[in-house]
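Full structure from sequences and hints, please.
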Amino acid sequence: MFDILVNLFPYAMAFTMPILVTALGGLCSERSGIVNIGLEGLMVVGSFSAAVFISRFYPILGGNALWFGLLVAMAAGAVFSLLHAFACINLRANHVISGIAINMIAAAMTVFFARTMTGSGNILLRNGLARFSVPVLAEIPLAGPLLFRQSYGTTWLILVVLVLVWFVLYYTRFGMRLWAAGEHPHALDAAGVSVYRIQYSGVLLSGMFAGLGGATILVTYSGEFNGSVSGMGFLALAALIFGKWKPLGVLGSTLFFGFAMTIANASQAEPALQAIPEIILKVFPYVVTLLALILFSRTTQAPRALGEPFDKGKR
Amino acid sequence: MKRFGMGSFRVMAAVALLAAAVALVGCGGSGSDEGEGALRVGMVTDAGTIDDRSFNQGTWEGIVRATDEFNLTRRYLMPSGTTEADYIREITNLRDAGFPLIITPGFKFETAVYQMQARYPEVNFVLIDGVPNNGVFGDGRSEKVAPNTVSIFFAEHEAGFLAAVASAVEIGEGAFGFIGGMEIPPVQRFNWGFQQGIAYANEHLGTSISLNPRDVLYQGSFDNVAAGQQIAAQMFDRGIDAIFCAAGGVGVGAINEAKARAADGAWIIGVDSDQYEQGVYADGKSVILTSAMKGVDVAAYDMIAAQLEGTFPGGETLMFDAASNGVGIPEVNPNLSERTEEKVAQVLARIQSGEIVVSAQQGDLIR
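Listed in order, the protein sequences are those of chains A and B.
The working numbering numbers the first residue of the first sequence as 137 and each following residue consecutively.
The working numbering numbers the first residue of the second sequence as 1231 and each following residue consecutively.
Think of the hints as simulated: they come from the structure by calculation, not from any bench.
Among the clues, some could well be false.
Unchecked claim - Calculated Cβ distances over 12 Å to all of chain A for the following chain B residues: (1) Phe-1300; (2) Gly-1311; (3) Glu-1314; (4) Lys-1338; (5) Gln-1345; (6) Phe-1367; (7) Ser-1440; (8) Ala-1463; (9) Arg-1468; (10) Asn-1486; (11) Ala-1536; (12) Gly-1540; (13) Met-1549; (14) Glu-1571; (15) Glu-1585; (16) Asp-1594.
Unchecked claim - Taking CB as the label site, the calculated pair distances span: (17) Arg-1349/B to Glu-444/A: 52 to 62 Å; (18) Thr-308/A to Gly-1514/B: 46 to 56 Å; (19) Ser-1554/B to Ala-211/A: 31 to 41 Å; (20) Thr-1541/B to Phe-193/A: 51 to 61 Å; (21) Glu-275/A to Gln-1592/B: 24 to 34 Å; (22) Pro-407/A to Gly-1402/B: 22 to 32 Å; (23) Val-423/A to Ile-1414/B: 22 to 32 Å; (24) Leu-141/A to Ser-1440/B: 41 to 51 Å; (25) Ala-244/A to Ile-1414/B: 27 to 37 Å; (26) Gln-1592/B to Pro-413/A: 15 to 25 Å; (27) Gly-1514/B to Phe-222/A: 29 to 39 Å; (28) Asp-1513/B to Met-245/A: 25 to 35 Å.
All residues carry an ideal CB built from backbone N, CA and C; glycine is no exception.
Pasting the structure below:
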């Protein structure tokens, strides 16, 4: 059984990372009080813009094009998330409706542009990121083969993002303000801080991270933009709630989803896992999520002012 | 009366504008190369675009080849949706524009062609990979290939067989795997033919290729890219040299994984069309060993030629197989050696002469 785990670990990690970074994006937005169910759409935008950039610039930049593509995806995600920020913060629109609009626009617009460019609506990358084993560290017993073998560069990048988000949220002035904007924006306002600015930063961060998530899917395991990220954005949203809006909780819940889904996918090719019916493996993560939401719903720790448009004049 | 005068005109104008807009949107898209030709060949596309690397593209390539060669007129219409009504509208449009031969690729056209073949007996229809029926399952089902329609199927098992022989001879000694999409007859036939091909090569051509039952599986969808990558990764981890993917988007994930391992000699055997270009990872190098092709273009070409000669096989259900060069492997395979190509040509000749019979049934094969 341990062998199977060791074998699957790198693929499960690769599958988890895009969900993790997107959920961290969602965390930044929701901690500032703005519900963001547009994560799926922002991921699609990231995936699309990275695909366009990489397919155009690979001949010139070579392998570096992939990393620049990730940057482009973050920028595109941030720009697109401005729509959401403008609707929710300036226009005080309903956050859920604006998020749905983001998802719909992103899906339709990217497919439209991709079709105009390639005809088929798919953008194929010639090469993705190469996997590598971290020298020395991969030789450590137990942890070595699990963590440092066959890893993608993006995995380490996203783990760095996780540490940064955790640090910023708990130990910096900006993090505290972000936190306050979602709990009690009027107190923040009374302290002389611009709530709008804080909320804008939260939403922009979510756009950047979701864009990075979508692009990560592209350069690691999919290798082709095909107009969707197969629901990973919604999964990230579920992981955010499951992880109780906390960075480490989100890490735990996304790892859980990533592993459960990888095992379900891979069970077909692994005779040792075929003793368990496939259907049970496939519904397992969702059933556990449902149960967890039911069990923990009484002690849920959503930001208190989440989803309420901030009105400066209303105290 | 006067009260309604100007107002109703405005309303009517608005309605008319709206109707015009809807009509324009409804057209979807079209493309044509009009020339002065005798026969006008029309096509309605299935879901997806004309360059979908699948049925639409294959069919259109066949039409382009035939119409160029015989100096004919061609046109395709792209429905705005994939419902029966969308297909019927575009078929009617082609018929009204005076196209006596209409080609429709894919089983989704079955019910539309069933109705149209009766309504327009003067138009000839070619239905690829399906048989016209009324869409009812059970007692009320009616299947009918009218005298003005040809229904075309492919011998996927022979394509799988040839691809297996080519791959086995090229690799010589090793292990293969199979990833299917949904467990439906065309995919199953690819798989069964593939297994027979490996067995034949081991027995008669001196190869030593193993196929473990655990490495023959159907993923269950045509679009789960992540699962394709993960399953392929496991297979390659276990030392499998080549995987035959008859799985659409799942195969995209597998090809992506093979590219990452190209240095270690990971191969993918493509499906439906020549997937060589999709597997290119460095200058001129591809992970696609060869492809098990369905000659959709050959079918389209042959039907146009038959129509010109006045021998359109209306009312028939045709099977495109190796004997008619309707299935096989690509003409050019940069990853196969000359010796392999020769062996495959010999095996192809034996299938064509009936010396080798590839079964389209599961029998005692794996899955």
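Going through the hints against the structure:
For Phe-1300/B, the shortest C-beta to C-beta distance to chain A comes to about 26 Å, beyond the 12 Å cut-off, and the non-interface label holds. No beta-carbon of chain A comes within 12 Å of the beta-carbon of Gly-1311/B; the shortest separation is about 15 Å. At roughly 23 Å, the least C-beta separation between Glu-1314/B and chain A is larger than 12 Å, which holds for a residue marked as non-interface. Even its closest Cβ contact with chain A, about 18 Å, leaves Lys-1338/B beyond 12 Å, as expected for a residue assigned away from the interface.
Gln-1345/B, annotated as away from the interface, keeps every beta carbon of chain A farther than 12 Å; the closest lies near 29 Å. Distance check on Phe-1367/B: its Cβ is at least 25 Å (rounded) from any Cβ of chain A, clearing the 12 Å threshold; non-interface status holds. Distance to chain A confirms Ser-1440/B as a non-interface residue, since its nearest Cβ pair spans about 15 Å, more than 12 Å. Non-interface call for Ala-1463/B relative to chain A: violated, since the shortest CB-CB distance, roughly 5 Å, does not exceed 12 Å.
The Cβ of Arg-1468/B does not lie farther than 12 Å from every Cβ of chain A; its closest approach is about 8 Å, which violates its non-interface assignment. A beta-carbon of chain A is positioned within 12 Å of the beta-carbon of Asn-1486/B; the least distance is around 3 Å. Residue-level check passed: Ala-1536/B sits 30 Å from the nearest beta carbon of chain A, beyond 12 Å. With a least CB separation of 36 Å from chain A, Gly-1540/B remains clear of the 12 Å interface cut-off, as annotated.
For Met-1549/B, the requirement that its beta carbon stay farther than 12 Å from each beta carbon of chain A is met, with the minimum near 29 Å. Annotated as non-interface, Glu-1571/B keeps its C-beta farther than 12 Å from every C-beta of chain A; the closest such distance is 26 Å. Against chain A, the non-interface label of Glu-1585/B holds: every CB pair exceeds 12 Å, the least being about 36 Å. In this structure Asp-1594/B is separated from chain A by more than 12 Å, as the shortest Cβ-Cβ distance comes to about 20 Å.
Here the CB-CB span from Arg-1349/B to Glu-444/A is close to 60 Å, well matched to the stated 52 to 62 Å. At about 52 Å, the beta-carbon gap between Thr-308/A and Gly-1514/B stays in the expected band of 46 to 56 Å. At about 54 Å, the CB distance of Ser-1554/B to Ala-211/A disagrees with the hint of 31 to 41 Å. A C-beta distance of roughly 53 Å is found between Thr-1541/B and Phe-193/A, which places it inside the suggested range of 51 to 61 Å.
Under the hint 24 to 34 Å, the C-beta atoms of Glu-275/A and Gln-1592/B, about 47 Å apart, miss the expected range. Against the hinted window of 22 to 32 Å, the Cβ-Cβ separation of Pro-407/A and Gly-1402/B comes to about 27 Å, which satisfies the hint. Separation of Val-423/A from Ile-1414/B is about 29 Å and conforms to the stated range, judged on CB atoms against 22 to 32 Å. Roughly 26 Å separates the CB atoms of Leu-141/A and Ser-1440/B, a value that falls outside the hinted 41 to 51 Å.
A hinted range of 27 to 37 Å for the beta carbons of Ala-244/A and Ile-1414/B is consistent with their spacing of about 30 Å. Gln-1592/B and Pro-413/A have their C-beta atoms about 22 Å apart, which keeps the hinted 15 to 25 Å range intact. At roughly 48 Å, the beta-carbon separation of Gly-1514/B and Phe-222/A lies outside the given 29 to 39 Å, and the hint is violated. Between Asp-1513/B and Met-245/A the C-beta distance comes to about 34 Å, which sits within the given range of 25 to 35 Å.
Hint violations for this structure: numbers 8, 9, 10, 19, 21, 24 and 27, all remaining hints satisfied.
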